[in-house]
Amino acid sequence: MNAIVSAFLLLSAPGLPLLLAFPALHTRLPWPVHMALLPAAALVFIPVDLAIELPWFWQSAGLGIDAVSRWWLAMSVVVWGVGAAFLPVPTKRDACNPQTSLLLLFLVGQIGAVLATDMTVFFGFTTLMGYSCIGLLLAHGDETTRRAGRIYLVLLILADILLFEAMIMAAATTEHLDFATLAKAMTLSSSSSFYLSIVIVGIALKVGLWPLHLWLSLAYGSVRPAMALLLWLGPVATGLLGGLRWLPLGELAAPMAGAVLLAIGAATILYAIRSVLWVQWKQRLVCVVFIATGSFIMGLGTGLLEPALWNQYGDSAHLFVTTVGWGLALMTAGLEWSKAGGEASGPRKENRIELAVERWSDAFIRWGRRTGNETLPGLRASWFVRWGGLRQKRGWQNAFDAGEYFLQRWPIAVTLFLLLVIVTVVLLLLDAM
Amino acid sequence: MNWNTALPLLIVASSLLPGLMIFCLPENRVVTRTTLNLAGALLKIVLVGGMFWGILHGYHFETRLVLLPGLDLVLRSGPLSMLFVTLSAGLWLITTVYAVGYLEGSPYRSRFFGFFSLCVTATTGVALAGNLITFLLFYELLTLCTYPLIVHRGTEEARKAGKSYLAYTIAGGALLLLSTVWLYTLAGTLEFTERGFLSGLDASLHPTLMIIFAMLIAGLGVKAALIPLHGWLPQAMVAPAPVSALLHAVAVVKAGAFGIVRVVYYVYGIEFSNSLGLTLPLAMLAAATIIYGSLRALFQDELKRRLAFSTVSQVSYIVLGIALASPIATLGGLIHLVHQGVQKITLFLCAGNLAETLGIHKISEMNGVGRRMPWTMAAFTIGAFGMIGAPPLAGFFSKWYLGLGALDAGQGWVIYILAASSVLNAAYFLPILYTAWFKTPPDSWPAERSFGRKETAWTLLVPPLVTALLTLALGLLASAPFNLLEWARLIVSRGFAQ
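Going down the list, the protein sequences come from chains A and B.
Using full-length UniProt numbering, the first residue of the first sequence is number 1, and each one after it goes up by one.
Using full-length UniProt numbering, the first residue of the second sequence is number 1, and each one after it goes up by one.
Bound-form chain B, shown alone (with noise of 0.2 Å):
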């Protein structure tokens, strides 16, 4: 094994080898905890760093090993796998950083970080794998890793939304793994191609194929949230925050979106899935999930639901850029894997100190918050202006292409669902910010926690104000040398024939 074979899964294992060493370790080794979490985090860091430094030279890294004759796990790299790779290695040593200000004295915490750490190894593992049969496998794995996080707290709230989770996942799992096996049944593989590799089959397969892909889209809209198959994720918000913030923006939605983006992609291919009349149905899918999102979102008046709410609609901006069909279009699905992740993740990561340093949850009890935590407000505002859309934060980006996309693929309604989208946007989060920056604040919070002068430990405010500097980065170097648009534009050249 050669150091083009041996990185992908150096990849996987620097977070899995730290996760199972996590669990081993008693309750009170805080030190060796914290130097496990976050070496494994660096080195996933550099790790992925390597590999980019490899592929911009010309290296192919790919692992294989034998799982069953004929069918193969392999971890593979290529610009769409390091697009989520870096993403969620990026976003990942953040949350750790976080999660460990965040649990500071809570129990529990090797348990904690260790299927902490397992569910990023499964979220690097989807993003890796090479087949559809791996890309199941760690999907798989990222649902049971998930579980202990949502039920952690242990009350009868996380337990019963942990119960929903299961079983919107499990039956995702189920329809995703009955999908795969009749696909193999007919193509006799399951690697993933440029441009598909079912566009051979035989054309009396067509009906069929049309009846799995919309049974994969239903496996995968479960993680993706696409109505109706959100109903797991504002149930899930009461997990921890850095537990949300994973789920939002950086594995499982994501690995939801990922998979759809695969699916249309990689397995049947952007030409003959439009071919097929697939993606219009799957477009239409995704606008209604982009205004139900928002229209529930509106109502909420805890941040956390409604930040929920918010996911549900952001992320099916993802699907909707893969459906158009639309090279552009695609463009603006891809860089909002990133974008969303990057604003979701400081408004979480915001949201959980508000709990934290105020025992603040709901929008009714931010009177004036602003004034007593400016430097997390004003993260929140950033990410908040970022999720609307306004120029020159990464959100804009995301809108641009996916409306420009709208006109090149003919669909001229799309721009109007996201004006409607922006305006409803607009009407859940500016109250938030109206709310914090110009209510009056009371003479004392639900639970306060002193920090001394800082308005909340370092621990907690330095990642969302690092996600914050990212997300206004995204925007306005987003034509810098080595941006993620030039990224996103060799993925999707790869896609489209020319």
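Isolated chain A (complex conformation) (with noise of 0.2 Å):
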């Protein structure tokens, strides 16, 4: 493909986003996050590997799609699609109103992250997407957004120092900071095993793994389920592809680094699995999330345990980010058409039930008085006889109740059980490897 053409689109696809997000121009607009993404959705669809290099940034910078980053691009797109489709559209009163900005430099951030070739473009696209989803959920009224915007924030500050560290000790192994050299070089380096280590805490800051996720779970019991999804898309997906793309994966036998990401794996899969029993309906969405996260996690840590087997078959880790990103899209827009649907409609399905029985039931009594048949008082009985065994019933789901609370009280107790437990596992396996 003739070089400007990949350049122009390449370019737009990070650079119409940023232009959309002056308020005077997203103003103007319909669906402007959707019309963001247009460049984006086009590199998707054209079948050809498109590159280039950005030599007035950084000597290696370069943006760039690959087989790769097609599925993650691919993934990306349906997700913001379907997340800014459920979020209020700006109007021209909006303008003083930062949240559209902040989505679209969000959306910057985030597809700049997918087409970067180079550690120190990645770098910059996520913290840009990291500030500007800071900024969502600091804008978001309600304080419990609030309190996690201000946690990811702190942690995300933490996050980027590392990264930053582990860039400058890639750079002083390597001069080219590109993937591709990068893998290659950090298996050289003899600085290679304190490199992954501070990539690891750096990536499973950004990602919000356990036990570091409690600002996504305060971010998610509070916003919709569309912000909740491109929140999952933003810091917890990208982050992941930030494991990927810094990784030395299938170049770089690291068994210690691997068990380590094996262990918060299993830890987070465990965590979330411990949490589906408790949580409402809801936020059984975010258990979805961790237990993704953590297969996730658990599949780079084979990668550093067994570089052999990465090489077969590390390519599904994308295939497995992107099924879950299609498959969360698909879930939170059932969620918001139900809610919706709901809303629209009036009062709910089971209170719509509970109405048309008051009302028969009303209207057969009265009916009753004036045939001179009085129903009330075998009603009544029928009554206390329905209630004693609902009662009966009751007396179970308190007890079960009370066993939850019981366990609800004790939280870090249990996970420091289920943290001993995975650490003696990976031990005694480590042993008898």
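Derived by calculation from the structure, the hints in this document are not laboratory data.
All C-beta atoms in this analysis are idealised placements derived from N, C-alpha and C, irrespective of residue type, glycine included.
Be aware that one or more of the hints could be misleading.
Quick look at which bits of chain B chain A covers, simulated, 3 or more residues with Cβ under 8 Å [said to hold, decoys possible]:
{"#": "1", "segment": "39 to 53"}
{"#": "2", "segment": "382 to 393"}
{"#": "3", "segment": "397 to 404"}
{"#": "4", "segment": "432 to 446"}
Fit chain to chain and form the complex, with the hints in mind.
What follows is the structure, given as structure tokens:
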């Protein structure tokens, strides 16, 4: 493909949303986020690999799309399309409201990170994405969401510093920071284990892995599902992409780092399974996210433990995340539609049934009185019988509730116990190896 | 006198002559004064551009006037001089445009702009000085010209700040003079030379040279605001915003930091300084200043005071880069000389806009100000993120090369200092952004001035927007042709033996 067309397409994918982030532009457009997605959507459907260098920024800096990043971009486009469809569309009166600008900057960062072919460009775009995400959380009126934003801010600053140090270490090893060179260079570096540790901690902080997940639980619990979906795509999924890009997977065997990642991944999954029993059905989406993240992290851990295995099956990691993304987008769309349908048609279904029962029973009692048959005492007697049965059922429910309440009072103890189990298992595994 | 010998003098005169003429103007000659100011600033940029062109084509520019037998006043072009003179010339134009708008309707404008121009003359002289005595003369002229600007408002607080400034800087100047004279008696020359002129001296003089080095650093450290000599800088915040911008970004603190670069590279030579064991203590002092300045900034509610402590911290990055004695770290220090200037001027001009337009001086008064002044706060946000070191802004590259240089020099501890400083930078800048963008604005501002549909006057709004764009451009175009990094690499390559 013509170099100018490639450059135009690759630069416009993050460039158009950046331009539309100006309130004067996006308030005059219908569906600004969808409009901003158009170049990225076009890139998904162009069946050739494209790449451009950005030598005016950094010697190895570049943007590009290959088979792997096409999957991520396709997933991003779908998730953004679904997520933005259920968020309020800005009007001219919203010019002072920073929410849409922040959303578009978030989009710039996320799409740019997917297209980045080197560490500096990836780092730059994810930083923009992170701070925009914090802005979105802070701009949300709810105090819980703001708290989530504040916690994420602290984690993000620490993560960025660690990843910055990792970049400096990589630059001290190799002049070119493009991902292809990086993985090979880090295998030869004497400081590869330190590099791996800071990258793992940095990614864990960015992604919100257990036990650093607090902000994610808070945010998912308080924002609407569409925004929760975007919060998954941004910090979590793009953070995982960072793990894929920055870790020398398939090149370097690092048993200790691999085991740590396996342990963290397993802990995240166990935590999610533990939580799924306690949370409301709406928050089970969060558990799905944690399980998917944990599985992916375990995949990365396996890649560091067994490079050969990664070389054979590593590509499935991209398919896995893409599938999760599309699945979550579908679930979110369903949730939002059911919510919108419920709000549009007056009382909920259960309420409508209750009202009908009341109306019909009331009519029945009045008809009995008119015909001289007092139906009320008989009805009352039958209700008492039912109530007794219900009370018995209620007793069992109370017993279960009390048990759960007891467990909920000891989350740290339970979590630590799980951690202890995981560490023991890992140590036993290492010992066996 | 030909073009090669006249150009350095013309560059100095391009601000000196308008300055002297402005002193003679009556207060009501606004147009003439503004024309002189802008003409001087533009002429300086053209002349500096001409010198750049000449250097790229192999010309050498030097003006030499005899002061005393054996002591010449020397103005000379060189890579390091050009770095500083370009910065000061560019930012002077921006600050002048801003000052014209800022001081509209205020009294004593002729006095203000006269000293303003003399201040830039002194800075240009400091940048182009070819020996230590010329440097000292312009350095002291800078002290004297800045004092009237600090006390310009004439309030009790301003006079107190001015007195403190004079006490610090004159003491520092005296130390500098003493060490210069002592050095002259030992070496017999004061000419700035690549890789220094002292390495050939007898080994028995090395302890004396170490003492002189400490005296020079102490003298220059006053203006560079190294702890514990930084006390004047936060007090000088009472000055008008353009003066603060001048103090922090263009002239005074930069002159101190630039002086340290001159002493380490062109008087002692980086390798000789390193062999005497002088660089490590200097690096440690700079590191302590970085952390101390950031910690103090964290607890300031007054916006300009927070920015002042931020300067204390940020200017020491330059000193740290130089003191690490590694080519890459020096590169980081030198580019930070420019980056810090551009970013800090943005922040001060924005602070001035808030004070002039809404009467806001404190961070606690900034609730929701981003909605009232979005362009000003957008510029402030870019400046603040640049200071934190977020990519792709200019500050990121300074920290990048400093970190890489620290590893190159085998001084891993500096990485922790940079990390801690970044955390602290974020801790004192992000709450300002949060307050401005996400808190609910009050019903009324402390002292609001109306500018119609505009958020403020054009002369106040355009300069910070230009410097914010420069912050962005210096990062995004870091490796473009004729970039700052290449220029800094040239300076470094001449300072280190290959």
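Okay, the hints, checked on the actual structure:
Given as covered by chain A, the segment 39 to 53 of chain B fails the check, having 0 residues with a CB less than 8 Å from a CB of that chain where 3 are the minimum. Coverage of the segment 382 to 393 of chain B by chain A holds [criterion: at least 3 residues with CB-CB distance below 8 Å; count 5]. Coverage of the segment 397 to 404 of chain B by chain A holds. Counting CB-CB distances below 8 Å, 4 residues qualify, and the rule asks for three or more. Evaluation of the coverage hint for the segment 432 to 446 of chain B: fulfilled, as 3 residues show C-beta separations to chain A shorter than 8 Å, against a requirement of three.
When the structure is compared with the earlier hints, a violation turns up for hint 1 alone.
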